[in-house]
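Participant: Heads up: the protein sequence lines correspond to chains B and Y, in order. Position 133, counted from 1, in the first sequence is what our numbering calls 142; the numbers after and before it change by one each time, with no gaps. Position 77, counted from 1, in the second sequence is what our numbering calls 68; the numbers after and before it change by one each time, with no gaps.
Treat the hints as calculated values from the structure; they're not laboratory data. Honestly, I wouldn't trust all of these hints.
Unchecked claim - Partial list, computed: chain Y residues near chain B (C-beta under 10 Å):
(1) Thr29
(2) Arg48
(3) Ala51
(4) Leu53
(5) Pro57
(6) Ile77
(7) Arg80
(8) Tyr81
(9) Met83
(10) Pro87
(11) Tyr88
(12) Asp118
(13) Val121
(14) Glu175
In this text, all values refer to a predicted model and were calculated from it rather than measured experimentally. Ideal placement from N, C-alpha and C gives every residue a C-beta, glycine not left out.
What follows is each chain in one-letter form.
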Amino acid sequence: MSDAARATERAANGQDTWGWKVAVYLFVSGMGAGAYATGAAAEWLDGAGAVTAIALALGPLLVGPAALFLIVDLGRPAGFLRAGRRPSTSWIARGVVILSAFLAASVLHAACALLDGPAAARLALAAIGGALAILTTIYTGLLLGAIRPIPFWTTPILPLLFAVSSLSTGIMAVDLVATLAPRTSPSTLSALRSADLVLLASEAVVVALYLALAHATVAARASTALVTRGALARRFWGGVVAAGLAVPFVVQLAEVSGALPAAAAWTALSSGAGLAGGFFLRQIVIAGGVKSPLNAAGMLFTLPGHPRAWQA
Amino acid sequence: MAIDLRRCVGCYGCQVACKAEHVTRPGIMWARVLKSETGTFPNVRRLSLPVLCMQCREPACLPVCPTGATVQRPDGIVTIDRALCIGCRYCMQACPYGARYFSDGDGAYFGATPTPYERAGAGEHADGVVEKCDFCIERVERGLEPACVANCMTRARVFGDLTDPESEVSRLVRAKGGFQLNPEFGTDPCVYYLPP
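With the hints as extra help, turn the sequences into a complete structure.
Facilitator: Put into structure tokens, the structure is as follows:
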């Protein structure tokens, strides 16, 4: 690596065009879509029950408010409906379509579940809503992936990472609410935790792959350096790895194996830490995105951010 | 447009001329000069790189715009329709050249009250939308050069018609080996740089 590339890598900062509101949206909408997908799967595998109803209701209850974060992040929030005008080319416009369809299907399904609708209709809605929920978790990775100058985002691993983390945080949200709610069966909760153990282990692998297989470019290396040993390192190691992956894995394993007595406090710990980790994961991805430097005659030029970063 | 990096002395004249022409708000620079240094004393190299909107033939900002606010005119200039822009800033992320700026509204150069000069130029700007260089359409349509070109004291910038192979800008790009910035992004810019 040339001196210029090394110096550029050190000087690089994450993009400041999108801030914490986008990270909150990614986290909460992923959690909601993941919770709903859990409910849709439970509908097929386990039938109607208190846990299924909670999971289905969490979908629109979380994804709807999450979308508000995107709207208030706009420079012109009142014009948000215009964001759906170009779905043929823009992932933001496609996102509007996907979110609207998901919200419509999940509200219908949740209503159907709460009012004890016919089983066939519920299974059909679960299939449609479940597919839209998965799409909701994935499209954000594709949206970021369309931003070619930020190589930290242009990897097929990112949509996978968002999907796995969304399912896992969705299950943890369901686990938390269901544990606190009356009339939930311990065997269903145990099944949820077993599924989440698999997801957490997969997520650890995907996170490692995401960082290890980052593009071999100056900006991508600057991003991984920022995340693993730079300004975002504490949020990554403490927030994502320790709180988001290790704590819920250990606690849930102990709960499932019976090493821990069933207690709401343990679930609060594992879900609370895991959900915090889900937010930190979105934050390091967003804040860790470094724009490629300009290259003129072998000299590299770092693009400075806006002096007054858009964080308000 | 062609920018001769050998002639450019990095005086920031283009950046200031652009501000004077368009009365852009604090922190917003449709044209700006980047600097880069490399090496260790005494073997050092320093280069100034004037940047602006490259008016790409394949603009990365265009397809990502969810509202259709960004448009490419028949003459190739890329413009933003302020009435349609919702300030999502996706285009700013997609532009490899950092040419787009978000106008978040608050900002006069001297305290809270804009100067008469800022008030006179306020019509070109709006709150909560993205803005950028448009090759000084208002000047070009009157037969003038863009402000940054007219103001360049070393005549490092040449403005003309790249579709005409006999224009000065086309001949310079051909003769001096003009190159585009970061061609790997597939944007095919209409701003060429002549090597330093």
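Participant: Look at each hint and say if it fits the structure.
Facilitator: Each hint, compared with the structure:
1. Thr29: The hint holds - Thr29/Y has a Cβ within 10 Å of chain B, the shortest such distance being about 4 Å.
2. Arg48: violated (16 Å)
3. Ala51: holds (7 Å)
4. Leu53: holds (8 Å)
5. Pro57: Holds: closest Cβ of chain B sits about 4 Å from Pro57/Y, inside 10 Å.
6. Ile77: Constraint on Ile77/Y satisfied, holds at 4 Å.
7. Arg80: Where the cut-off is 10 Å and the nearest Cβ of chain B is about 5 Å from Arg80/Y, the hint holds.
8. Tyr81: Since the shortest Cβ distance to chain B is 5 Å, the answer is holds.
9. Met83: The hint holds - Met83/Y has a Cβ within 10 Å of chain B, the shortest such distance being about 5 Å.
10. Pro87: Interface hint status for Pro87/Y: holds (4 Å vs cutoff 10 Å).
11. Tyr88: holds (7 Å)
12. Asp118: Hint on Asp118/Y: holds, closest Cβ of chain B at ~7 Å, below 10 Å.
13. Val121: Nearest chain B Cβ about 8 Å off; hint holds.
14. Glu175: holds (9 Å)
In summary, the one numbered hint that this structure violates is 2.
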